[in-house]
Amino acid sequence: MTIHRIWNLIARKLTGEASVEELQELDRHTEEDSKLQLDIDIIQALWESRPDEAEERDYLEATYILHLDRMQKLGIEPHNPDESESIKSEPGKPGLRKRIWLVSGMAGMLALTLGLWFFIQRDQPSPTNALANTNMPEQFELTTRKGVKSKFMLPDGSQVWLNAGSKLTYGRNFGKENREVVLTGEGFFDVQKNIEKPFIITTSSVQIKVLCTAFNVKAYPEDGNTETSLIRGSIELTIKNRPNDKIILSPNEKIIVENSASAPFEKTRTDAKKPVALTANTLISIKKLKINPLDSSVLETQWVENKLVFRDESFREIALRMERWYDVQIDIQDPTLEDERLSGIFTSETVTEALDALKESMSTPFRFNQADRKINIYR
Amino acid sequence: MVHERLLLNKEKAYQKIRDLQRRIAVYEDESAYKELFFQFFNTLTRFSTGIVHSGETAEEIVSDVFIQLWKDRTKLEQIQDLQLYLFIAVKNNSLRASRQQQKKGTLSVEEMQVELESTYLDPAQKIMSAEALQSIHTAINNLPPRAKLIFKLAKEDKMRYKDIANLLDISVKTVDNQLSIAIRKIAVAIGSVVRKKS
Numbered sequence: 035m036t037i038h039r040i041w042n043l044i045a046r047k048l049t050g051e052a053s054v055e056e057l058q059e060l061d062r063h064t065e066e067d068s069k070l071q072l073d074i075d076i077i078q079a080l081w082e083s084r085p086d087e088a089e090e091r092d093y094l095e096a097t098y099i100l101h102l103d104r105m106q107k108l109g110i111e112p113h114n115p116d117e118s119e120s121i122k123s124e125p126g127k128p129g130l131r132k133r134i135w136l137v138s139g140m141a142g143m144l145a146l147t148l149g150l151w152f153f154i155q156r157d158q159p160s161p162t163n164a165l166a167n168t169n170m171p172e173q174f175e176l177t178t179r180k181g182v183k184s185k186f187m188l189p190d191g192s193q194v195w196l197n198a199g200s201k202l203t204y205g206r207n208f209g210k211e212n213r214e215v216v217l218t219g220e221g222f223f224d225v226q227k228n229i230e231k232p233f234i235i236t237t238s239s240v241q242i243k244v245l246c247t248a249f250n251v252k253a254y255p256e257d258g259n260t261e262t263s264l265i266r267g268s269i270e271l272t273i274k275n276r277p278n279d280k281i282i283l284s285p286n287e288k289i290i291v292e293n294s295a296s297a298p299f300e301k302t303r304t305d306a307k308k309p310v311a312l313t314a315n316t317l318i319s320i321k322k323l324k325i326n327p328l329d330s331s332v333l334e335t336q337w338v339e340n341k342l343v344f345r346d347e348s349f350r351e352i353a354l355r356m357e358r359w360y361d362v363q364i365d366i367q368d369p370t371l372e373d374e375r376l377s378g379i380f381t382s383e384t385v386t387e388a389l390d391a392l393k394e395s396m397s398t399p400f401r402f403n404q405a406d407r408k409i410n411i412y413r
Numbered sequence: 006m007v008h009e010r011l012l013l014n015k016e017k018a019y020q021k022i023r024d025l026q027r028r029i030a031v032y033e034d035e036s037a038y039k040e041l042f043f044q045f046f047n048t049l050t051r052f053s054t055g056i057v058h059s060g061e062t063a064e065e066i067v068s069d070v071f072i073q074l075w076k077d078r079t080k081l082e083q084i085q086d087l088q089l090y091l092f093i094a095v096k097n098n099s100l101r102a103s104r105q106q107q108k109k110g111t112l113s114v115e116e117m118q119v120e121l122e123s124t125y126l127d128p129a130q131k132i133m134s135a136e137a138l139q140s141i142h143t144a145i146n147n148l149p150p151r152a153k154l155i156f157k158l159a160k161e162d163k164m165r166y167k168d169i170a171n172l173l174d175i176s177v178k179t180v181d182n183q184l185s186i187a188i189r190k191i192a193v194a195i196g197s198v199v200r201k202k203s
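Line by line, the protein sequences are chains A and B. Each residue of the first sequence is one higher than the last, beginning at 35 in this note's numbering. Each residue of the second sequence is one higher than the last, beginning at 6 in this note's numbering.
EDC-like mimics (lysine to aspartate or glutamate), calculated; alpha carbons at most 20 Å apart, straight line:
(1) B/163 to A/82
(2) A/107 to B/33
(3) B/17 to A/82
(4) B/190 to A/75
It is worth saying that the hints were derived from the structure and are not from the lab. None of the values given here were measured: they were computed from a predicted structure.
The task is simple: from the sequences and hints, build the whole structure.
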């Protein structure tokens, strides 16, 4: 019996190639040598280890969509009525790998990136209410405290759901002379049709003009950017200080504007074929909405249904959202934790339960303590 | 008993694929097609990357093979071993692609530099420390190309010796030997980290 024979037998055992006699032979060796048995146990555990399937699945979902896309171009798409509409990507875009990378890198499975990132020169700082100070001598103010969400009916019949810690103001003439509101925070709007008076929403960094539509605007001052997600209809968006540049958004798209965007557009969405690095660093991107494949609900508006949903977001972003959701203050004491990306849904969980759940899914576990409404997170 | 379970699992996996083949061939079942794609896309892409040395090209090759599979779906049931069939198709297309590009693609499977899937053994299982695990993974990744390729096909794709031999145009004896070498190197790595500790 040579040493080599033992490895040979182990290999055959693991692969199922060993005969009954060979298995017995290996058993005799391990009875004599307990260290050998330990080695075999470890090798077996390694042999049976499998990759993280959830992680693989996201990547495969995205890959499969692109695969179907290639098939469709050849006119041989297998039938798939429910998915193909919402996630069709534009023809003639970069190769399979590049697009997959964008998909998996940015948002996980269904957030197909349409327009690519392009960069716009950052201008001098400007007053945050540059667009906001329209003529509103007598103002009405709708507010929600942290931890609270509310639905309001506006005088023109439009409905607005305000997420926690948000404020919507409008003037006395709202619905009569104009339909203009100013939003801080996050709101979901279902706007009544009125062709004469477009509904205009102003935030610190963008202005959105709509006729009749349903859409979500997320414009918390403490977030790095403003997100506008369109569910149906169409809207026209202008970025602060650039009234001449209009971006038309189509249903199931969202536009993300970095909160200090102000320089003129150098590129429009349609001709932005690849990332264009201009002189500085204000980012704008247009993406597909994240649609839950199970019930085709849109993740961006789940908060309306009292769900805190995040998909592939950094712990830092999630902590910010939890602060508003639960009306707490969360301090992440260890910066190494901040960039970990997570996905999840919270509905009825308390903040402690939510943190316990997050703790479990982080690759580097953390500890936290809570004093009153203040929560500290440590490694 | 472990052995019997292993063989039973292999048989089950084989029957599952046969079942998918039938659903695609007879019912044009798209969900079966998707399942097949999910099961094989990543592993075939890693295999192809070993030949064409480009993840992007490899993904296109594998995607093309799956497109062809759908086109020929009516004949799908005639394929006895679909896994082997897919690997051979990907191998042939990858070799053709690297010849056409006349780049430094690997023309012989002997030189294939294949990447292994990233697995995660939970250190909480207390088998060993994370550091020990790391150095064992390093040992596996540093296996000679041919041993590593055979290790991948046997471990990840659960291929039988004769199928590996068939795919790589080598003898069953070589497969047996190369895998023994791989196991020995891993055992040596385990020995050095585990023994050192205790």
